[in-house]
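Student: Assemble chain B onto chain A, guided by the hints.
Chain by chain, the residues:
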Amino acid sequence: KAGVTQTPRYLIKTRGQQVTLSCSPISGHRSVSWYQQTPGQGLQFLFEYFSETQRNKGNFPGRFSGRQFSNSRSEMNVSTLELGDSALYLCASSLDPGTLYNEQFFGPGTRLTVL
Amino acid sequence: GDSVTQMEGPVTLSEEAFLTINCTYTATGYPSLFWYVQYPGEGLQLLLKATKADDKGSNKGFEATYRKETTSFHLEKGSVQVSDSAVYFCALRKSGGSNYKLTFGKGTLLTVNP
Numbered sequence: 049k050a051g052v053t054q055t056p057r058y059l060i061k062t063r064g065q066q067v068t069l070s071c072s073p074i075s076g077h078r079s080v081s082w083y084q085q086t087p088g089q090g091l092q093f094l095f096e097y098f099s100e101t102q103r104n105k106g107n108f109p110g111r112f113s114g115r116q117f118s119n120s121r122s123e124m125n126v127s128t129l130e131l132g133d134s135a136l137y138l139c140a141s142s143l144d145p146g147t148l149y150n151e152q153f154f155g156p157g158t159r160l161t162v163l
Numbered sequence: 128g129d130s131v132t133q134m135e136g137p138v139t140l141s142e143e144a145f146l147t148i149n150c151t152y153t154a155t156g157y158p159s160l161f162w163y164v165q166y167p168g169e170g171l172q173l174l175l176k177a178t179k180a181d182d183k184g185s186n187k188g189f190e191a192t193y194r195k196e197t198t199s200f201h202l203e204k205g206s207v208q209v210s211d212s213a214v215y216f217c218a219l220r221k222s223g224g225s226n227y228k229l230t231f232g233k234g235t236l237l238t239v240n241p
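So the sequences go chain by chain: A and B.
Numbered by my numbering, the letters in the first sequence go through residues 49 to 163 in order.
Numbered by my numbering, the letters in the second sequence go through residues 128 to 241 in order.
Looking at chain A on its own, in the form it has when it is part of the complex (with noise of 0.2 Å):
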């Protein structure tokens, strides 16, 4: 079975651009969660979709939204960027949420430099 895969794998932008990273889940997963990794505040929770509609929500400012489409695929952008948003991008996917253990896959990442 095929892991999460993420696109670009890399990704060199300028201040003000925007910037839209893209997510596979693993086939059969719904639910997609994305990560930011940076060195200074480690790993921190964006947002969370699950059958297209955005569950759960981290605190970043509104210049990040995501959407989820109906093949379970899904894309984050970042609007206006800004020198701290480079980051490694992490997308992580996992099965129905009715089962009792849900465990996240995670993929390989997207890093984004912004200069």
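Calculated from the structure, these hints are not laboratory results.
Note that the structure is a prediction, hence the values are computed from the model and not measured.
Incorrect hints may have been included.
What the hints assert, rightly or not - Pairs of lysine-lysine residues, derived as DSSO-like cross-links and limited to a Cα-Cα distance of at most 27 Å, are as follows:
1. B:LYS233 <-> A:LYS105
2. B:LYS187 <-> B:LYS233
3. A:LYS105 <-> B:LYS187
4. B:LYS233 <-> B:LYS179
5. B:LYS179 <-> B:LYS195
6. B:LYS221 <-> B:LYS179
7. B:LYS179 <-> A:LYS105
8. B:LYS221 <-> B:LYS183
9. B:LYS183 <-> B:LYS204
Tutor: Same frame as chain A, now just chain B:
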């Protein structure tokens, strides 16, 4: 709010040494606890988990026991290898409801020398 505190790194050990990485948590209710590992240039991999008090998670020689009385989930391995060099993250997830957000510690960099 929920939080996870793990020992500051980096940790440097010689091959076959004993490893302990401390992790304590603050959360209401009965969270599930996890250890994830991140190898250079890769995403996170689940190393082990425990879903209730006194559970012991184990995998690849690593172990951790869910201690509710001390709110701890310390990671141990009896004999580390060079291939164990990575960043280790302790994490929790609240049980119940529909919030599957993971709350992570800051991570501990482990370097094992031959």
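Student: Going back to the hint list, which numbers does this structure go against?
Tutor: 3
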